[in-house]
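Chains as they are written, first to last, in the numbering used here: chain A, 1 to 85; chain B, 1 to 278.
Source of the hints: derived by calculation from the structure; they are not laboratory data. Hints should not be assumed to be uniformly reliable.
Unchecked claim - In silico negatives: residues of chain A with every beta carbon more than 12 Å from chain B:
| hint | residue |
| --- | --- |
| 1 | D9 |
| 2 | E11 |
| 3 | K21 |
| 4 | R29 |
| 5 | A48 |
| 6 | G62 |
| 7 | C63 |
| 8 | D64 |
| 9 | T72 |
| 10 | H73 |
| 11 | A74 |
| 12 | D80 |
What the hints assert, rightly or not - The calculated lysine to aspartate or glutamate pairs, modelled on EDC-like cross-linking and capped at a C-alpha distance of 20 Å, are:
| hint | chain 1 | residue 1 | chain 2 | residue 2 |
| --- | --- | --- | --- | --- |
| 13 | B | K201 | B | D230 |
| 14 | B | K155 | B | E92 |
| 15 | B | K247 | B | D213 |
| 16 | B | K259 | B | D159 |
| 17 | B | K259 | B | D215 |
| 18 | B | K201 | B | D213 |
| 19 | A | K65 | A | D80 |
| 20 | A | K21 | B | D215 |
| 21 | A | K21 | B | E120 |
| 22 | A | K21 | B | E91 |
| 23 | A | K21 | A | E68 |
| 24 | A | K65 | B | D188 |
| 25 | B | K134 | B | E120 |
| 26 | B | K155 | B | E91 |
| 27 | A | K21 | A | D10 |
| 28 | A | K21 | B | D188 |
| 29 | B | K201 | B | D244 |
| 30 | B | K134 | A | D46 |
No experiment lies behind these values; they were computed from the predicted model shown. Even glycine gets a Cβ: it sits at the ideal position worked out from N, Cα and C.
Each chain is listed here by its residues.
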Amino acid sequence: MALPTILVDDEKCHDPLSCRKCLLVCPTRVLGLGTSVGPEKFKQIDPAFFVVRGVRFQFCTGCDKCVEVCPTHAIQISFDGGKLA
Amino acid sequence: MCVWCERYSQGHERWYLNPANYARRLYKVRKEEVESAGAEANPQAAGGMATVGRDYIEAMQANDHETVERLRTAAEQRSWAVHFGQVVTIEEIHQILEIIYPISLITCACRRSMRGLPDEENFTCVGMGPGMYKWERWPETYRGGVHFLTPDEGKEVIDVLNRRGLVHCMYTFGTPYLGGICNCDYPDCAGIRTAQDLGVKTLWKGHYVADVDSDRCNGCALCARRCQFDALSFSPSTQMAYIDPLKCFGCGLCRNVCKPNAIAMVERASLPAVAEVW
Numbered sequence: 001m002a003l004p005t006i007l008v009d010d011e012k013c014h015d016p017l018s019c020r021k022c023l024l025v026c027p028t029r030v031l032g033l034g035t036s037v038g039p040e041k042f043k044q045i046d047p048a049f050f051v052v053r054g055v056r057f058q059f060c061t062g063c064d065k066c067v068e069v070c071p072t073h074a075i076q077i078s079f080d081g082g083k084l085a
Numbered sequence: 001m002c003v004w005c006e007r008y009s010q011g012h013e014r015w016y017l018n019p020a021n022y023a024r025r026l027y028k029v030r031k032e033e034v035e036s037a038g039a040e041a042n043p044q045a046a047g048g049m050a051t052v053g054r055d056y057i058e059a060m061q062a063n064d065h066e067t068v069e070r071l072r073t074a075a076e077q078r079s080w081a082v083h084f085g086q087v088v089t090i091e092e093i094h095q096i097l098e099i100i101y102p103i104s105l106i107t108c109a110c111r112r113s114m115r116g117l118p119d120e121e122n123f124t125c126v127g128m129g130p131g132m133y134k135w136e137r138w139p140e141t142y143r144g145g146v147h148f149l150t151p152d153e154g155k156e157v158i159d160v161l162n163r164r165g166l167v168h169c170m171y172t173f174g175t176p177y178l179g180g181i182c183n184c185d186y187p188d189c190a191g192i193r194t195a196q197d198l199g200v201k202t203l204w205k206g207h208y209v210a211d212v213d214s215d216r217c218n219g220c221a222l223c224a225r226r227c228q229f230d231a232l233s234f235s236p237s238t239q240m241a242y243i244d245p246l247k248c249f250g251c252g253l254c255r256n257v258c259k260p261n262a263i264a265m266v267e268r269a270s271l272p273a274v275a276e277v278w
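Extracted from the complex, chain A is given alone in its bound form (with noise of 0.2 Å):
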């Protein structure tokens, strides 16, 4: 079984706590909305450092949802190891 890539651009992706509209659409909670600086205190909290990120890669079925639905086109998958941009 294949595990698709995930990529993520962080510098289109504003809030995602206030968007959450891939987290919302993903049939297999695939997505995990994380911070890119671990629990420091004052900058976990703050919506600059929030992430999303691939977690549950083999649960993907490459339905593409979260791609479709995402306002600045920041996600991208593939899974035939191509690379991504």
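Based on the hints, put chain B in the right spot on chain A.
Below, chain B without anything else, positioned relative to chain A:
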């Protein structure tokens, strides 16, 4: 025997019924451990509730048992030292609510990570002990703040969450300090997912196993939607509930909706084949 009871019950019936495991002095232990470990050592915060990384999933897919075993052991050791849970029944939660203070309703970190749930829709977690004063003092850090509850209000909240179909789990924050009653379901709870999807025991089975009395089961199938662990199915041949005792986590959710009282919670220790299946 439950290793946590063995280590931490100190003569009480269960380790989570031992008031010492809710004692204030233990709270700092967690803080030092997590903060000294730093962001790198905490994939949960960095990667959205992931206890293990992509390397684990890749090793699983490649049937690389050696790597899976090594990564699993490391993840479990870290989890058991800092933050892991055990499933408990609603009766036990009611007992626990009589010994803890303060009791408060807080937001769920798992559902925030999995669904991006806004705070006002996300009050499904019960926090307890002195840590809750931090939630009160810094609501912007501990998103959503706290609602402090009396023991009776706590029981009401738990009853509502139980009717909604959520599994109650006691979670440590610096083992054996118990700081949270998580109310979990599949697929939105990271603990259940890690245990079920990856075989990493961040969530332990409880002290009971559900057992169906075929003379009493009327085949209504109300229980069928309650199991979060793939342990209960509705058998087309017998038109009755079927429970796999090896998969059952002993939460009692199926039992709680059974009108003819056909499901009993049996002590895990009384069944030799599952006594050590946690």
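Hint-by-hint comparison with the structure:
1. D9: holds (16 Å)
2. E11: holds (18 Å)
3. K21: violated (8 Å)
4. R29: The claim is violated: R29 (chain A) sits with its nearest Cβ about 5 Å from chain B, within 12 Å.
5. A48: holds (14 Å)
6. G62: Its Cβ never comes within 12 Å of chain B, the nearest being 15 Å, so this holds.
7. C63: holds (16 Å)
8. D64: D64 (chain A) is indeed farther than 12 Å from all Cβ atoms of chain B, at 19 Å.
9. T72: At about 15 Å from chain B, T72 (chain A) clears the 12 Å cut-off, so the statement holds.
10. H73: holds (18 Å)
11. A74: Holds: least Cβ distance 14 Å, greater than 12 Å.
12. D80: Given that every Cβ of chain B is farther than 12 Å from that of D80 (chain A), nearest at about 16 Å, it holds.
13. B:K201 / B:D230: Given that 20 Å is the threshold and the Cα spacing comes to 16 Å, the pair holds.
14. B:K155 / B:E92: Holds, at about 11 Å.
15. B:K247 / B:D213: Holds, because 18 Å separates the two Cα atoms, which is no more than 20 Å.
16. B:K259 / B:D159: Cα-Cα ~17 Å, so holds.
17. B:K259 / B:D215: holds (13 Å)
18. B:K201 / B:D213: violated (30 Å)
19. A:K65 / A:D80: Status holds; Cα separation ~18 Å.
20. A:K21 / B:D215: violated (48 Å)
21. A:K21 / B:E120: Judged against 20 Å, a Cα distance of about 17 Å means the pair holds.
22. A:K21 / B:E91: At roughly 38 Å apart (the allowed maximum being 20 Å), E91 (chain B) and K21 (chain A) break the hint.
23. A:K21 / A:E68: holds (10 Å)
24. A:K65 / B:D188: holds (18 Å)
25. B:K134 / B:E120: Satisfied, since the Cα-Cα distance of roughly 19 Å is no more than 20 Å.
26. B:K155 / B:E91: holds (10 Å)
27. A:K21 / A:D10: Between K21 (chain A) and D10 (chain A) the Cα gap is close to 15 Å, so the pair holds against 20 Å.
28. A:K21 / B:D188: holds (16 Å)
29. B:K201 / B:D244: With a Cα-Cα distance of about 19 Å, the restraint between K201 (chain B) and D244 (chain B) holds, given a limit of 20 Å.
30. B:K134 / A:D46: holds (18 Å)
This entry does not satisfy hints 3, 4, 18, 20 and 22, going by the numbered hints stated previously.
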